[in-house]
Structure formats: structure tokens, C-alpha cells
Amino acid sequence: MKNSIFTNLPFYFVTAVLLSLLAGCDTTEPVPVFRLDKDYVETGSDSSTVTIGFSIENPREGIFPSIENANADWLSDFEIYESSIRFKVAANDSSFMRETSFYVSYLEQREQFTVRQNGRIDDTPEPPSIVNDDFDVEIDRLRAVSISYRVLPKDPDIAYLSRAVEKSIVDSFDNDDEIFANEIGYYTSVAEDYSLTLETVLERSRTKGESKWFINSMPDGTDFYILSYGIDNDGNRTTAINKYPFTTVALQNTVNMDFEFTFDVDETFVNVTVTPSDPEQIYYWNADLTRFVTEESAVAQYQAYIDALIDMAYWQGSSMSIEDIVANSIAKKGVSSELIQYPYSEADGIGFAFAITPEGYVCSEATFGTFRTGAINASDNVIGIEPQNIQGRSAELNITASVEDDWYVLIVDKAENWEGMSDAKILASLSSDPSRLDGYGYIGSGTIEISGLTRETEYVVFAFGYEFETVTTGLYKSSFTTTDVITADVSARLVVDKYFNAEDLAEINERKYGSMGQMAVIPCHVETSGDIAGYYYHIWDGNMADEQSYSDDDIIAFLTQGGWSDENMEFYTYFDQLRTIVSVGYDKDGNFGPVYREAITFTLDGCSPVSDYVVQTTHSCVIKDSSKTNMGTIHVNMKPR
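Here my numbering is used: the first residue of the sequence shown is 1109, the next is one more, and so on.
Treat the hints with care, as some may be off.
Unchecked claim - Within a straight-line C-alpha distance of at most 30 Å, the following computed DSSO-like cross-link-like pairs (lysine-lysine) qualify:
| no. | residue 1 | residue 2 |
| --- | --- | --- |
| 1 | K1606 | K1620 |
| 2 | K1316 | K1351 |
| 3 | K1522 | K1696 |
| 4 | K1522 | K1620 |
| 5 | K1320 | K1351 |
| 6 | K1316 | K1620 |
| 7 | K1196 | K1146 |
| 8 | K1316 | K1275 |
| 9 | K1606 | K1196 |
| 10 | K1533 | K1522 |
| 11 | K1275 | K1196 |
| 12 | K1522 | K1262 |
| 13 | K1262 | K1196 |
| 14 | K1620 | K1320 |
| 15 | K1533 | K1606 |
| 16 | K1351 | K1262 |
| 17 | K1275 | K1262 |
| 18 | K1320 | K1275 |
| 19 | K1275 | K1351 |
To be verified - Here are the computed distance ranges between Cβ atoms for each label pair:
| no. | residue 1 | residue 2 | range |
| --- | --- | --- | --- |
| 20 | S1155 | E1557 | 20 to 28 Å |
| 21 | N1436 | S1385 | 43 to 51 Å |
| 22 | G1582 | S1444 | 37 to 45 Å |
Worth flagging that the hints you see were computed from the coordinates, not collected in a lab.
Ideal placement from N, C-alpha and C gives every residue a C-beta, glycine not left out.
The task is simple: from the sequences and hints, build the whole structure.
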């Protein structure tokens, strides 16, 4: 096998191996089938209660559906019954329709449910009167496919939006109302693309005071307007639409030049040599797989890349001129050669080259060449796996690789998930979805420390050669069984005394909290007892307080993977969502004490006044994903021998 270009690295570090990578074992137990009665509901603008029915064939005792990613602040009070789910929809006081989606999960099954609420049409308050608050626009840098500009509103307190739109589109409308309707349509499409509400997108896009903008990937030689206009929290336009015209620089092919490509392929390594017809003319070249670039997109992708590079240097205050940036980072002259390793075997690629000006503009026709990466050869690597120092929640693996330069993956999982499966079936299952193996590669020998295991449980360890989606060896495996655990006489409790509304805190720190809107800001600290050596904690989405659903081992595994251990922390989350405070301490021998759990819902009414907020140096974390997605992970750390 070809030696890796990473041979100077003794080991490849990874952070986690999923215990639940695959549920591949045969079982005679009937598979549960979970179904929602419907996947969509539309409500009026008034507040209401929505009920979703569901059915479960072959249900598992003690397992109930759970709600994930229900982050819209206008949905609340989720309750799960035997065959239905109920939640409340707050009144929509704006005239805009709003929409959000969340997931209902049962074991490995996940169903999406969408809520659409119409805007208020009766007793809609009159929108604010339109005022002619002009916006000044200053262009900092204008290039072929990009523009950097500033917007300076006359009123520094007005909230506004700004973006560049092709002049031909804007001129097709008769008045500001039609232009504004098209703008709302654009932001609605952005909301749909990112599974957000229009209200959220507008809130995140609005700004105040002087603002800086960089827009890229525009067509060259095209007329545009920079549109700037005021907009309030309800999505109503508050100013006239200011239109500032500009035209992107037109690219011109003023140089007659072509190139010769030579590709020397060895497995996934390709040595690319480019020979220009004019050895004195500067040019740019690259070679990539056709899944990432095409002949139609190559020039545009390059021009967007160089424009972004120039703009980044400008905003960072670099003293380099555009010509210096192009000469030092982009331009080639004469014959150029480079060895490139690609992440896929037997994949098609193209090389492309074109002349450029000292300012980085494309100034000739592009020349293209084609290549195909080779196949990955089988590896002679023999992988030894020796479990050692086995504890109740941790173990070590001594790994030996006979070929130090060949890549392999290593998977640790509960043995029960693989009972009765042949080596061939295990290999086929593990390699069937390459994306699940991303980040779990190793190279060389070393010691692996594993934490987050369950006490008195048998585990299997699988290892096999794997490079660029290709299995290169047979399956190597081992097993071990964890011991019982000792509960330490220590405790750690994450204390949440007060929490605040980010909208209120924006009054004292606009930069930090101004873009959050109504979110709970939760400063917290840890109280400990006993001869404690350290602790982990988190505030997590959903209800983890039920020990029948989440054992102490589950919580400890989660906390050692995704928990925090800082002295102070500030969490952010949406109001009216069920969360659970979890924490655990450990002694000098690494034994954990009892797990602390507290289910809590942060409400707007429960916020403390801003005067109680104490500024302190903290890390911060947004509470978002369900804890289920991180349960059962094994922390893996390979160390040099």
C-alpha cells in the first residue's frame, strides 16, 4: 500500500466511538413500529391546544415517545399520554404566517411534525407610518463577484435589513410595497432552507447602527442595487426602501493562453504538473474531484475564493495590497507541480488553469484536464487488541499495528448488539455507511483509554483496515467485561439560583445579548461536598430525571463525554422548554458519587430583574439537542507508547 502523507504523525486522534453505531444483531423480539396519525397541523392566529395521536406496534415496556428540537418559543407545555401528544400554541399577534417543525422519537424511529400558524387578519394593528429615513452606503471594495460595503442609517436606533439584489429584478416591481413583498419571499425561502421560522430569520438578520457587509458569488459585469430599509419586530416595513446602485466588474479574456496537464496517479495520490504556453504570464490552477467542481463552476468558484481572501485580509487590517495577496497566495508562473492526495478512490477529477491579472481577475479562457484516482490496495496490516486495566466504567486497549503507516478504524460496542453475526456480516454492516466511520480512523500502535462504559457489561472491540471508504484487511476483534463500581462519598450539585431574559440583559450588553431575543440566560455554579477531585455537569434538553429511563451509568457516560467542568458557566435556552440539570462528582481514585438530577422549565415570568445580574468570566453553552443523541458514547483517546 502507498505510504500515507501523514506518516509524520504517530497517531490519529479521535474523540468518540459510537456505542450505537449499528444495531446489527439478529433478534427474535418483534421490532416496534411507531407512527404519528398526521405530520402537519395548521392553526388560526389565536392561542390553541393541539393534540397529535400516535400508535406503537410491539411497544417496549417503560419506553415512551420523546420530543426533540421543539425550540420555537410559541410552542409550549408538551405532554405525552398513552396514545397522544398535546401542546399549546401561543397567539400570533403579527400579520405573518409562521411555521416550525420538531421531531417525535421512539427508540431509533424519528417522525417530523410541522406546525403552521396563520397571521392575524382580524383586528390587525395598523402598521407604523412609513418615514423617509435615508441610508447612506459606502463601498469599501468592489470586485468581479463580490462587494464589501457599509450601511450608515440616519437614525442609529432604527432596526433595518440590507442586501444586494440584481437591478433587473428590483426594476420589475412598480413600487416599494412590491419590492418589500419580494424581500419577505426571499427571507421566507431562507427560513425554509434552514428549518427556521420567518420570524427567527428576520430577527437574526436585522441590525442597528453602522453595519458592514460582504456579499460574494455574484455574476460579474452585472447591475445591482443595495436595498436598505427599516423593519420592526413584527415584520412591518418602517422606512422607504433605499436603493444604492452598483455594477460588478466585468471579466474580460484579454490574454491568449493555454496549458498542458500531466497526471501521475498512484492510488489516491495524484502528482499534477501544469505547463503554461506563456512562461512569463501569471496564472492560477487547481485540480479537484468532479463531485466538488465542474468545468462550468471552476472559474466562478475561483473568483469567489480570491475575492473572499482579499476581503478577509482587508477587514483584518492587513497592510498587504491586492497585488501582494495575489502574488503571494494565488499566482503561479512557469511550470508548476504538486502531489495531492484525494479522499476517494476510483473517482473522476478535473484540473483547470487560466491566466489572471495582478489584481486576481481571470483574463483568459480556462484549460481543463481530466484524471481518475486509483484503487486502494489491500493492506498487510495485522492489528492486535489487548484489553487491560478493566474497570466498572472504563478500560484500556493496547493496540499494535504491524504496518505503522496504514489506516484502520476501531469500534467498541456492547457485545449483545453483535451476537450470532459472522465476521463477513459484521464487516459489511460496519462499512455499509462510510459517513458513520468518519473521524474514527487510527494509524500506528498505542494505548486507548475508554470511558463512559456501563458496569458489568460485555463489550466487543472491532478493528479493520479502512482507507477512503475501502476495507483493506479482514476483521480483528477482542472482548472484555466491565466490573462493578464503587460509589464515592462525594457530591456535586449544579446550582441555578437565578436566570434572566436576554432581551433585558441586552440593555447592559448589546453586543453579547442583542441578537438573542427572548432567551433564558442561566448563570450557574457548582456546590460540592466530601474529598472531591472534580466534577461534570450540564443542563440538557428533555427529562433525564427519571432513573428508569436514564440510569446513573447513562448520565455519567453522557457527562464524561459532553459535560462541563468549569467553575462557572452560563447556559442559554428558549423559554417554556423542559430541561434537566445533571451533575456528578468523582474522588481522587476516579470513583463517581451519586448523580444529581433536577427537571426544570425556565419561564419568562420566573426571570430575575437585570439588577441581580452579576457579570463574571464564564464559558457559555446553548442548550439544544436531545440527550438521547449522545447517550452511550465511548470516549477514546489514543496515546503514544
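Original post:
Can you list which hints this structure breaks, lowest number first?
Top reply: 4, 11, 12, 13, 15, 20, 21
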